[in-house]
Amino acid sequence: NAGVTQTPKFQVLKTGQSMTLQCAQDMNHNSMYWYRQDPGMGLRLIYYSASEGTTDKGEVPNGYNVSRLNKREFSLRLESAAPSQTSVYFCASRKPAEPQHFGDGTRLSIL
Amino acid sequence: GDSVTQMEGPVTLSEEAFLTINCTYTATGYPSLFWYVQYPGEGLQLLLKATKADDKGSNKGFEATYRKETTSFHLEKGSVQVSDSAVYFCALTSTGTASKLTFGTGTRLQVTL
Numbered sequence: 001n002a003g004v005t006q007t008p009k010f011q012v013l014k015t016g017q018s019m020t021l022q023c024a025q026d027m028n029h030n031s032m033y034w035y036r037q038d039p040g041m042g043l044r045l046i047y048y049s050a051s052e053g054t055t056d057k058g059e060v061p062n063g064y065n066v067s068r069l070n071k072r073e074f075s076l077r078l079e080s081a082a083p084s085q086t087s088v089y090f091c092a093s094r095k096p097a098e099p100q101h102f103g104d105g106t107r108l109s110i111l
Numbered sequence: 112g113d114s115v116t117q118m119e120g121p122v123t124l125s126e127e128a129f130l131t132i133n134c135t136y137t138a139t140g141y142p143s144l145f146w147y148v149q150y151p152g153e154g155l156q157l158l159l160k161a162t163k164a165d166d167k168g169s170n171k172g173f174e175a176t177y178r179k180e181t182t183s184f185h186l187e188k189g190s191v192q193v194s195d196s197a198v199y200f201c202a203l204t205s206t207g208t209a210s211k212l213t214f215g216t217g218t219r220l221q222v223t224l
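So the sequences go chain by chain: A and B. Sequential numbering from 1 applies to the first sequence in the working numbering. Sequential numbering from 112 applies to the second sequence in the working numbering.
Each hint should be verified, as a subset may be incorrect.
Only some residues are given here: those of chain A computed to face chain B with a beta carbon under 10 Å [unchecked claim]:
hint	residue
1	Y33
2	Q37
3	L45
4	Y48
5	E59
6	P61
7	N62
8	Y64
9	T86
10	F90
11	C91
12	A97
13	H101
14	G103
What follows is a set of in silico ranges between Cβ atoms, one per label pair, in the way DEER data are often shown [as the list claims (entries may be wrong)]:
hint	chain 1	residue 1	chain 2	residue 2	range
15	B	T137	A	A97	22 to 30 Å
16	B	G120	A	E98	27 to 35 Å
17	A	P96	B	T131	28 to 36 Å
18	B	F129	A	Q17	46 to 54 Å
19	B	D166	A	F10	36 to 44 Å
20	A	N62	B	G120	37 to 45 Å
21	A	T54	B	Q192	25 to 33 Å
22	A	T15	B	S114	28 to 36 Å
The set of hints was computed from the structure by calculation and includes no laboratory data. Every residue gets a Cβ at the ideal spot worked out from N, C-alpha and C, and that includes glycine.
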């Protein structure tokens with residue numbers, strides 16, 4: 001059982017490049033989430049999708065877009081990467097009344 | 112808005128020592144409370160949870176009690192092991208927030224022999 005799978009695991013970009021982070025879950029969960037983790041700041045919610053076909057902004061959505069492609073997949077796109085977006089990105093999913101399950105993260109560096 | 116405050120780390124303990132990591136929260140309504148653990152290079156794993164006042168969550172020797180009167184959810188373990196070295200996050204979800212998690216900043220625990 002793979003759970004939540006994120007690709008890639010590592011990526012280095014130059015300022016201004018674009019990039020899509022992929023997330024897929026095989027647990028038939030309705031809700032999916034994207035977080036970023038920065039030192040001393042815990043995890044902050046970027047966007048979430050409560051169900052297939054819906055997406056909503058979280059705490060720090062600026063500079064990002066998302067697509068809920070189907071029930072399994074939820075992608076995060078950086079249209080024009082900036083050094084401030086250097087971070088570790090985590091995808092999570094859940095079903096009602098259950099805790100969130102997390103992927104192993106994507107470590108993104110922007111030069 | 113909702114917030115979670117954790118004690119700052121790192122916390123360094125000898126093996127078999129007693130562990131307490133403090134967590135307090137601010138939230139509307141009746142939140143559910145969680146402790147997540149992150150081992151090096153990995154994602155977050157749910158360690159334990161409590162969904163109502165006076166509930167005690169427990170797992171792998173760790174415990175935390177939901178204290179509504181003090182708005183706290185402190186993590187404890189009676190005897191830590193080197194393998195417990197990780198970052199621990201306290202988190203909550205409030206009612207009516209689409210189950211969005213609000214995290215504390217994390218506390219790094221290092222256990223030495």
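The hints, checked one at a time:
no.: 1; hint: Y33; verdict: 7 Å, holds
no.: 2; hint: Q37; verdict: 9 Å, holds
no.: 3; hint: L45; verdict: 6 Å, holds
no.: 4; hint: Y48; verdict: 6 Å, holds
no.: 5; hint: E59; verdict: 9 Å, holds
no.: 6; hint: P61; verdict: 13 Å, violated
no.: 7; hint: N62; verdict: 17 Å, violated
no.: 8; hint: Y64; verdict: 16 Å, violated
no.: 9; hint: T86; verdict: 17 Å, violated
no.: 10; hint: F90; verdict: 6 Å, holds
no.: 11; hint: C91; verdict: 9 Å, holds
no.: 12; hint: A97; verdict: 9 Å, holds
no.: 13; hint: H101; verdict: 8 Å, holds
no.: 14; hint: G103; verdict: 5 Å, holds
no.: 15; hint: B:T137 with A:A97: 22 to 30 Å; verdict: 23 Å, holds
no.: 16; hint: B:G120 with A:E98: 27 to 35 Å; verdict: 29 Å, holds
no.: 17; hint: A:P96 with B:T131: 28 to 36 Å; verdict: 33 Å, holds
no.: 18; hint: B:F129 with A:Q17: 46 to 54 Å; verdict: 49 Å, holds
no.: 19; hint: B:D166 with A:F10: 36 to 44 Å; verdict: 39 Å, holds
no.: 20; hint: A:N62 with B:G120: 37 to 45 Å; verdict: 29 Å, violated
no.: 21; hint: A:T54 with B:Q192: 25 to 33 Å; verdict: 43 Å, violated
no.: 22; hint: A:T15 with B:S114: 28 to 36 Å; verdict: 33 Å, holds
Comparing the model with each numbered hint stated earlier shows that hints 6, 7, 8, 9, 20 and 21 do not hold.
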